[in-house]
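Asker: Next come the chains, spelled out residue by residue.
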Amino acid sequence: MTEDTAVCADTEAFKHELLETLPHLRAFARGLSGRPDVADDLVQETAIKAWTARDRFTPGTSMRAWTFAILRNHYLSELRRNRRQVDYDQEAAERLLVKDADQEERLHLDDMQVALQELSPERREAVLLVGAGGFTYEEAAQISDCAIGTMKSRVARARSELATILNDENRSRKGQPRKPVKGKTD
Amino acid sequence: MEYALSQPTGPKIPKKKPDFNPDGKGGEPGWADGLRQLYNSVLQEPLPDSFDDLLKKLDKGKDD
Numbered sequence: 001m002t003e004d005t006a007v008c009a010d011t012e013a014f015k016h017e018l019l020e021t022l023p024h025l026r027a028f029a030r031g032l033s034g035r036p037d038v039a040d041d042l043v044q045e046t047a048i049k050a051w052t053a054r055d056r057f058t059p060g061t062s063m064r065a066w067t068f069a070i071l072r073n074h075y076l077s078e079l080r081r082n083r084r085q086v087d088y089d090q091e092a093a094e095r096l097l098v099k100d101a102d103q104e105e106r107l108h109l110d111d112m113q114v115a116l117q118e119l120s121p122e123r124r125e126a127v128l129l130v131g132a133g134g135f136t137y138e139e140a141a142q143i144s145d146c147a148i149g150t151m152k153s154r155v156a157r158a159r160s161e162l163a164t165i166l167n168d169e170n171r172s173r174k175g176q177p178r179k180p181v182k183g184k185t186d
Numbered sequence: 001m002e003y004a005l006s007q008p009t010g011p012k013i014p015k016k017k018p019d020f021n022p023d024g025k026g027g028e029p030g031w032a033d034g035l036r037q038l039y040n041s042v043l044q045e046p047l048p049d050s051f052d053d054l055l056k057k058l059d060k061g062k063d064d
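Protein sequences appear in the order of chains X and G.
The opening position of the first sequence corresponds to residue 1 in our numbering, with each subsequent residue numbered one higher.
The opening position of the second sequence corresponds to residue 1 in our numbering, with each subsequent residue numbered one higher.
Here chain X stands alone, though its shape is the one from the complex:
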């Protein structure tokens, strides 16, 4: 095999692995942003960034972890630039407040999406990485560029907040008042 052929094979392997990761990137981005259109933009931009930086990817390491880190960094950068956190689905958020008390006591995945958006970005990404994406605390900490202890703390607090928010969603359906969610920082 010539050197050119080897490079071409590596490029094809990288592309194949990147494409296989796209659905996971979409799921992570959807959870982060709460908006399908914004999520797909994030994924496409992430894929282009990953492709451009493919020489820095170490074959044999996790493509998913590498691209998730690119996506979260890009997302947070866009968040700081555009303040997109105030631009999530307000209409869906308001649904939490207007549910009829006689609705059956089941929650919808849309409610989970809205509840996620009530978390701080750091806690949201933490619980998405560990609770949904299946990453270990160590992997998630590397993706989020923080200490393992910080990641564990973020996940624990995110879990607690989600439980409170979704429990209050049930309470509001029963006609009971919702409790405010406290603490949005580490």
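Because the hints were derived from the structure by calculation, they are not lab data.
In this text the structure is predicted, and so the values were computed from the model without any measurement.
Glycine included, C-beta positions come from ideal geometry on N, C-alpha and C.
Worth double-checking, as some hints may not be accurate.
[What the hints assert, rightly or not] Here are the simulated lysine-lysine pairs, DSS-like style, with alpha carbons at most 25 Å apart: (1) K15/X - K57/G; (2) K56/G - K49/X; (3) K15/X - K49/X.
[To be verified] With beta-carbon atoms standing in for the labels, derived distance ranges: (4) G149/X - S50/G: 33 to 41 Å; (5) T150/X - K56/G: 39 to 47 Å; (6) N40/G - T58/X: 24 to 32 Å; (7) A53/X - L47/G: 16 to 24 Å; (8) Q37/G - A156/X: 38 to 46 Å; (9) D59/G - A156/X: 40 to 48 Å; (10) A163/X - D59/G: 40 to 48 Å; (11) L43/G - R81/X: 23 to 31 Å; (12) T58/X - S50/G: 39 to 47 Å; (13) D52/G - I148/X: 23 to 31 Å; (14) L76/X - S41/G: 18 to 26 Å; (15) K57/G - A163/X: 39 to 47 Å; (16) G149/X - P48/G: 36 to 44 Å.
[Unchecked claim] Here are some of the chain G residues that sit facing chain X, going by a computed Cβ distance under 7 Å: (17) W31; (18) G34; (19) L35; (20) Q37; (21) L38; (22) V42; (23) L43; (24) L54.
Mind docking chain G on chain X? Use the hints.
Answerer: Quick look at chain G alone, frame taken from chain X:
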């Protein structure tokens, strides 16, 4: 190369997602199951047509 984020034009929530039980099962809180369902529901979606352009860019960029 700069790729601007597009502004939303369509409905913000495409369709009603399935339910999950808030009480959970197997000793696990229901929201944990719901979180994974939310993630997995996106995994199962086909890639939208807008990704065709991405694939073309990757093909075109092979010789970069």
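Asker: For every hint, state whether the structure bears it out.
Answerer: Evaluated hints:
For the suggested pair K15/X and K57/G, the alpha carbons sit about 11 Å apart, so the restraint of at most 25 Å is met. Our distance criterion of 25 Å between C-alpha atoms is met by K56/G and K49/X, whose separation comes to about 15 Å. At roughly 13 Å between alpha-carbon atoms, K15/X and K49/X fall within 25 Å of each other, so this suggested pair holds. Remark: the range hint 33 to 41 Å for G149/X to S50/G is upheld by a beta-carbon distance near 40 Å.
Separation of T150/X from K56/G is about 40 Å and conforms to the stated range, judged on CB atoms against 39 to 47 Å. Between N40/G and T58/X the Cβ separation comes to about 28 Å, which falls inside the hinted range of 24 to 32 Å. A53/X and L47/G have their C-beta atoms about 22 Å apart, which keeps the hinted 16 to 24 Å range intact. Between Q37/G and A156/X the beta carbons are some 21 Å apart, a value that contradicts the proposed interval 38 to 46 Å.
Our hint of 40 to 48 Å for D59/G and A156/X holds, since their Cβ atoms are close to 44 Å apart. For the pair A163/X and D59/G, the supplied restraint of 40 to 48 Å holds, since their beta-carbon distance comes to about 46 Å. In this structure the supplied range 23 to 31 Å holds for L43/G paired with R81/X, their Cβ-Cβ distance being about 29 Å. Here the CB-CB span from T58/X to S50/G is close to 30 Å, at odds with the stated 39 to 47 Å.
Judged by the Cβ atoms, the range 23 to 31 Å given for D52/G and I148/X is violated: they are separated by roughly 40 Å. A hinted range of 18 to 26 Å holds for the C-beta pair L76/X and S41/G, which are about 24 Å apart. The given range of 39 to 47 Å is respected by K57/G and A163/X, whose C-beta atoms sit roughly 42 Å from each other. Under the hint 36 to 44 Å, the C-beta atoms of G149/X and P48/G, about 39 Å apart, fit the expected range.
Taken as an interface hint, W31/G checks out: its beta carbon lies about 5 Å from the nearest beta carbon of chain X, inside 7 Å. At about 4 Å, the closest approach between the beta carbon of G34/G and any beta carbon in chain X falls short of 7 Å, and the interface hint on this residue holds. Look at L35/G: its Cβ gets to within about 5 Å of chain X, closer than 7 Å, so that hint holds up. Against a cut-off of 7 Å between C-beta atoms, the interface hint on Q37/G holds, since the closest Cβ of chain X lies about 6 Å away.
The closest approach between the C-beta of L38/G and any C-beta of chain X is roughly 5 Å, which is under the 7 Å cut-off, so the hint is satisfied. Given hint, V42/G at the interface with chain X, holds; its Cβ is 4 Å from that chain's nearest Cβ, closer than 7 Å. Look at L43/G: its Cβ gets to within about 5 Å of chain X, closer than 7 Å, so that hint holds up. About 5 Å separates the beta-carbon of L54/G from the nearest beta-carbon of chain X, less than 7 Å, and the hint is met.
Comparing the model with each earlier hint shows violations of hints 8, 12 and 13; every other hint is respected.
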